[in-house]
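Protein chains in written order, with this note's numbering: chain A, 1 to 694; chain B, 1 to 694.
Misleading hints may appear alongside valid ones.
To list a few chain B residues with every Cβ distance to chain A over 10 Å, as calculated [unchecked claim]:
hint, residue
1, A17
2, T56
3, L72
4, F76
5, L81
6, A91
7, A161
8, P212
9, Q252
10, S520
11, A527
12, Q547
13, K633
14, G642
Calculated pairs, DSS-like style, for lysine-lysine (alpha carbon to alpha carbon, straight line, at most 30 Å) [unchecked claim]:
hint, chain 1, residue 1, chain 2, residue 2
15, A, K354, B, K535
16, A, K535, B, K354
17, A, K649, B, K649
18, A, K578, B, K360
19, A, K360, B, K60
20, B, K202, A, K649
21, B, K643, A, K649
22, A, K354, B, K360
23, A, K360, B, K633
24, B, K202, B, K649
25, A, K354, B, K496
26, B, K496, A, K394
27, A, K360, B, K578
28, B, K360, A, K567
29, A, K360, B, K496
30, B, K643, A, K202
31, B, K633, A, K649
32, B, K292, A, K354
33, A, K649, B, K535
34, B, K360, A, K360
35, B, K354, A, K360
36, A, K202, B, K535
37, A, K633, B, K649
38, A, K360, B, K202
Because the hints were derived from the structure by calculation, they are not lab data.
C-beta: ideal position from N, C-alpha, C; glycine also.
Number of protein chains: 2
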Amino acid sequence: MEPQLSLFYGLSTLTAAIAFAFAVYLYMWVKRQPQENKTIEEVAALIRDGANTFMTREYKILAVFAAAAAALIFVFLPAPLWKGSFVSNIAMVLSYLAGAVLSAIAGKIGVLVASLSNGRSAEAAQHGIKPAFLIGFRGGAVMGLLVVGCSLLGVAAVLMAVGDASILLGFSFGASSLALFAKAGGGIFTKTADVSADLTGKVELGIPEDDPRNPAVIADNVGDNVGDVAGMGADLFDSNVAAMTSALVIAQSLAGDFNNVSMVFCYALLGLLASILGIATARIGKNGSPTKALNSSTYVTTGIFMALTAIATAVFEGFSWRIWGASTTGLLVGVIIGLTTDYFTDDTMPIVHKVAHASKSGPAFTILSGVSYGFISSMPAMVGIAVSALVAYKLCAPMGDGYAIFGISMAAVGMLSIVGMIISNDAYGPIVDNARGLAEMGGLGEETIRIADELDSAGNTVKAVTKGFSIGAAGLTVISLLGAFMSEVNVALAAKGMAPITGFDLMDPNVFFGIMIGASIPAVFSAMLILGVDKNAQRMVAEIHRQFDTIVGLREGVPGVKPEYGKCIDIAAAGALKELIPAGLMSIIATVVVGFIGGPRAVGGFLLGNIVSGLLLALFMSNAGGLWDNSKKYVEAGNEGGKGSEAHKAAVIGDTVGDPFKDTAGPSINTQITVVSLVASLLSSLFVSFSLFM
Amino acid sequence: MEPQLSLFYGLSTLTAAIAFAFAVYLYMWVKRQPQENKTIEEVAALIRDGANTFMTREYKILAVFAAAAAALIFVFLPAPLWKGSFVSNIAMVLSYLAGAVLSAIAGKIGVLVASLSNGRSAEAAQHGIKPAFLIGFRGGAVMGLLVVGCSLLGVAAVLMAVGDASILLGFSFGASSLALFAKAGGGIFTKTADVSADLTGKVELGIPEDDPRNPAVIADNVGDNVGDVAGMGADLFDSNVAAMTSALVIAQSLAGDFNNVSMVFCYALLGLLASILGIATARIGKNGSPTKALNSSTYVTTGIFMALTAIATAVFEGFSWRIWGASTTGLLVGVIIGLTTDYFTDDTMPIVHKVAHASKSGPAFTILSGVSYGFISSMPAMVGIAVSALVAYKLCAPMGDGYAIFGISMAAVGMLSIVGMIISNDAYGPIVDNARGLAEMGGLGEETIRIADELDSAGNTVKAVTKGFSIGAAGLTVISLLGAFMSEVNVALAAKGMAPITGFDLMDPNVFFGIMIGASIPAVFSAMLILGVDKNAQRMVAEIHRQFDTIVGLREGVPGVKPEYGKCIDIAAAGALKELIPAGLMSIIATVVVGFIGGPRAVGGFLLGNIVSGLLLALFMSNAGGLWDNSKKYVEAGNEGGKGSEAHKAAVIGDTVGDPFKDTAGPSINTQITVVSLVASLLSSLFVSFSLFM
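Make a model of the complete structure from these sequences and hints.
Given below as structure tokens:
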């Protein structure tokens, strides 16, 4: 059958519509579930309001940033305005704004639904694991469906409207700008609140983790939502859009009889369809394991996607089996990366036990062993990404010039195809985490808390896997963005009548110069975020002390006396965004400086250095953080001395170090790399025209 | 004046002879200094014997390793024996053995002199800072002179004998093999002893650091000598030889009217001459600052070298000013890297104060702030290396094909030119560190200990600078080794009648595959060393417990009852070498596997990934370690609560984490990169002949 691009535009829109309809159905279903406990309802409302406070503030700052970026884009991109590019510059601006706004909408609704689900899941846990699991899972699935639906619809709409995939770079940059704020800003917010609540509550006053007297307690719960739901959703929206964008930019530059653009949309929409089927069929037995339920729905989705794309390849002319092979390799490698991550961070596996055991010799050994295994854990994923890129390239190279890089971009699309499912599993985590806290605050009894605990622990296990998965996907995506950057540079060179570049040679000093500087950016970026958490936490601790000193009766827990939760949320939110901006600007400015010094080849090196050291550090920090977290839990479960022992104290220190590693810096590096890659592609023609050493 | 290569061979031999004669003079001078205190003499002898125990054991294992490597070299390198390359294979074997043996001799004598100087310096401190400083400095200078003299003489001798610089790769590999054992093995040894002594002595028993009852105390002092004197010397011997080798390999491949080979020897011998003059003129006033004395002699050496090379460039025909510019740039960047390192680790600078302040919030914040500033500190050096490579390349590219890379290799030679001075300063550190301990054990009184403390603290400050310097030099060296690797590959390709490769393109999937895997090696290597320290310390702690349990009167300090120091030294030595070997083999095997999978282009990528992530991690770990160490000292000096405060406890934990970072893993990465680069060059013809995806 001869595929028509218009058919796939239509099918993409239809699939997105199905996803939205299904999301609305799930939203209604969640809302219908009973919420009767007054305390839970009240606290849940506080959390919801807090999340809104942060997001409103974030979106306001983002609006200023976006307006400035839009103005710059209007003047300079894709070409300087004075070269008569008015219409395409307007298109780029609109595309940019659409990317940011769609991602923002998905995030906002996702957080809303998550914050409706947590209390209901807590109450449902009174009736067993099954109903509580379903509410948590379906609440998270709304986010997954919205994110993937919005990204597919947005990309299709932009390309239908303008026809030129390079305008999609603007859409993708809009999505990345938002992701930078949501992921890194949310990451600083959540850890500020977490650290401050622990330091003042657990350490200074000796009150329990979720004690309502603590002014930071609501901010802490808000953090789970804005960091793990909104931030993670924006991050994967960004990765998904970037993967499709780079595949489409490369697809449009290819010659040959293959229907490359159609194929990209076909794979993306089948991925969404597979996720919808996976979500719809997710089930858990009455006393089943939630971890198994979550993982098996991931495998079901993977299987459905592979089958559907195989059918499409058989049915449509000009769909290549080689591309199918590349995409399937990407997906399978994604699963393998997830499993190796699990080996290093799961508390039933030996590594967690070793770190817990090392804690017996004191906190220095907790840190040293965690750092060491964190370093080692980066290797399998690095090798996995390298192998999938190599296989995809070799499979697709025989199809013709440029197809090899297209193969890599389709491996990234493959790895991200089931992203709807991944997000659902990921958003499930903070919902049931909140549910656990609410069950405690609402006094729902021990059995309910035990069930909530089991759900929460499944969330943590699955999170490690999805995090490894998303870093792997980001790795392949940015490699294909490097390909997209080269295409853009060659378009700019051709416009000036210059010969195209064929690659970036390591022995070229401009490239090497870029590599060295690019490699140091993720390290500096991470450091700035971690120091940001630290500074912000100091402000918040001062505010908490002020409240305990000035609000009469708060410390003693006099009934009716409440802390000013909102002030803490305000401080965390304002500080998070204030600390984030220098880190983001540093990355962008470094790209521009390298480009104007060394030209496009230096930027190519810069992107590579950034990718390689970024992946290494992201894997190291995410895995080490997860490892310390689970080692602490393992000790708390009664091993190596149990709660209150010296080993436990050491494990807590490890966990505190790991928190900003795994929830602030590690996962933000993805976004930093994507932002920088897109800035490079967008500015490619400027680098071609103006550079010191080109 | 027309330069003759034979003239420079002659002058190199002469300069080396002067260096040896001067070293003998200094050795005699040190030996003539009075050593009267019996306790000091006794303990110094124990330390000397312990160092001998370790080095003998190390050299025995190394002999086995070297024999195996020599056999493999004989059969395969530079070409398989069955291709009739008997003579050149024998030359390669001899060259390999010469590299290992010369480095071993320099290390052995250096440690001997250091262990004669420590007690004498302690006693001299009774008469003031001036005589004590001179003994420490001159004792260290023997090592500096021997290392540089041996490397210059060795390289000149091999090239005179065989004429083909590629045989020097064998010499360089011999030096690297030894450096791997000396630096990484010594690093594990020294931290094993340090950690075990602290854990059992300070923590469990509450006895002072250098209490003679502790069975690990001698091992701890031995560690300073084998790690910081022998290890550091072997490391810089290795870097220096590698820099000269790669410059010579590239020089021989160049066409044109330049006297490139002569120029390499000229620069190297003038560097040694400048170091001799710098050492001879090093002075300190009666109450002068030892830090200033050490640094000013470095600057004097730098100035002399620049002047002498300028004169040589003016005098000799075919010596290019462009090369002089490249070399001078390298040297100046080396100094700048040293100064930025100082900013991040010196306790008079703000960063150390910030980390000390963070310690007030607990150990997690000590770690987080140290990791953050460690990450940030890597950037200036990365940028410095990138800029010096870019400038050297651009300066020398107009000279003709291949000169650009030659320029980079001469920047490395320039950066390493003053290595004799650097080693002298570096070896000074452990001598005066030991002197401080001996002054305490020998009961030389408070004023003497204060003077010894001042000398020790200068050693720590200067060490940070020299460490930054040597990492920078290693960076440029390995870049030029990448150039040497490409030359070797092209020789192999030409021999098979195939077209040469012109570079390593990032977009080539074989190259990318190599980069990703290469980048993960230093992380895994570091982790294996750190875990090795941990395992080894556990063995040693068990032995210390055994001694306290079974030796009657030891715990109580009954006069005449002594611990079995030797057993601890044995355990540290055996364990260090046992833990090191898997890490070294892992790096070498990974190189071979990547080469046989992806061919020479994959290996090129592998080397680059290894260099970039290796430099990043080495800078991070060395600087973070130095930062934690000095923050602890800053707190101990009475700041942020002083000794015994919570901040102090936190700072001690930071220091314990930093110890294996800065003294085991960080500085061993240099050697790991060099070893891997040389293995790649040596095996280049095999990778050309046999690979899966080439």
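| said: Over 10 Å from every CB of chain A: does B:A91 meet that, or does the non-interface label fail? | reply: 29 Å, holds
| query | Going straight from one Cα to the other, do A:K360 and B:K496 come out at no more than 30 Å? | reply | Not OK: A:K360 and B:K496 at ~59 Å, beyond 30 Å, violated.
| request: Could you check that no beta carbon of chain A comes within 10 Å of the beta carbon of B:G642? | output: Holds, because the least Cβ-Cβ distance between B:G642 and chain A comes to about 21 Å, which exceeds 10 Å.
| Would the pair A:K649 and B:K649 pass a check requiring their Cα atoms to be no farther apart than 30 Å? | 14 Å, holds
| Hey, does B:K633 actually stay past 10 Å from chain A on C-beta? | 17 Å, holds
| query | Would the pair A:K633 and B:K649 pass a check requiring their Cα atoms to be no farther apart than 30 Å? | reply | Measuring from Cα to Cα gives roughly 24 Å; hence the hint holds.
| query | Going straight from one Cα to the other, do A:K354 and B:K360 come out at no more than 30 Å? | reply | Holds, at roughly 29 Å.
| query | If you draw a straight line from the CA of B:K360 to the CA of A:K567, is it 30 Å or shorter? | reply | 25 Å, holds
| field | Assertion that B:A527 lies outside the chain A interface [Cβ separation over 10 Å] | value | Violated: least Cβ distance 4 Å, not greater than 10 Å.
| task | For the pair we were handed, B:K633 and A:K649, check the Cα-Cα distance against 30 Å. | result | Holds - the C-alpha atoms of A:K649 and B:K633 are around 24 Å apart, at most 30 Å.
| request: Take a quick look at B:A161 and tell me if its Cβ sits farther than 10 Å from every Cβ on chain A, holds or violated. | output: It holds; B:A161 is separated from chain A by about 31 Å at its closest Cβ, greater than 10 Å.
| query | Per the stated criterion, does the least C-beta distance between B:S520 and chain A lie above 10 Å, as a non-interface residue requires? | reply | Answer for B:S520: violated, closest chain A Cβ roughly 4 Å.
When held up to the earlier numbered hints, the structure conflicts with 10, 11, 19, 25, 29, 32 and 36 and fits the remainder.
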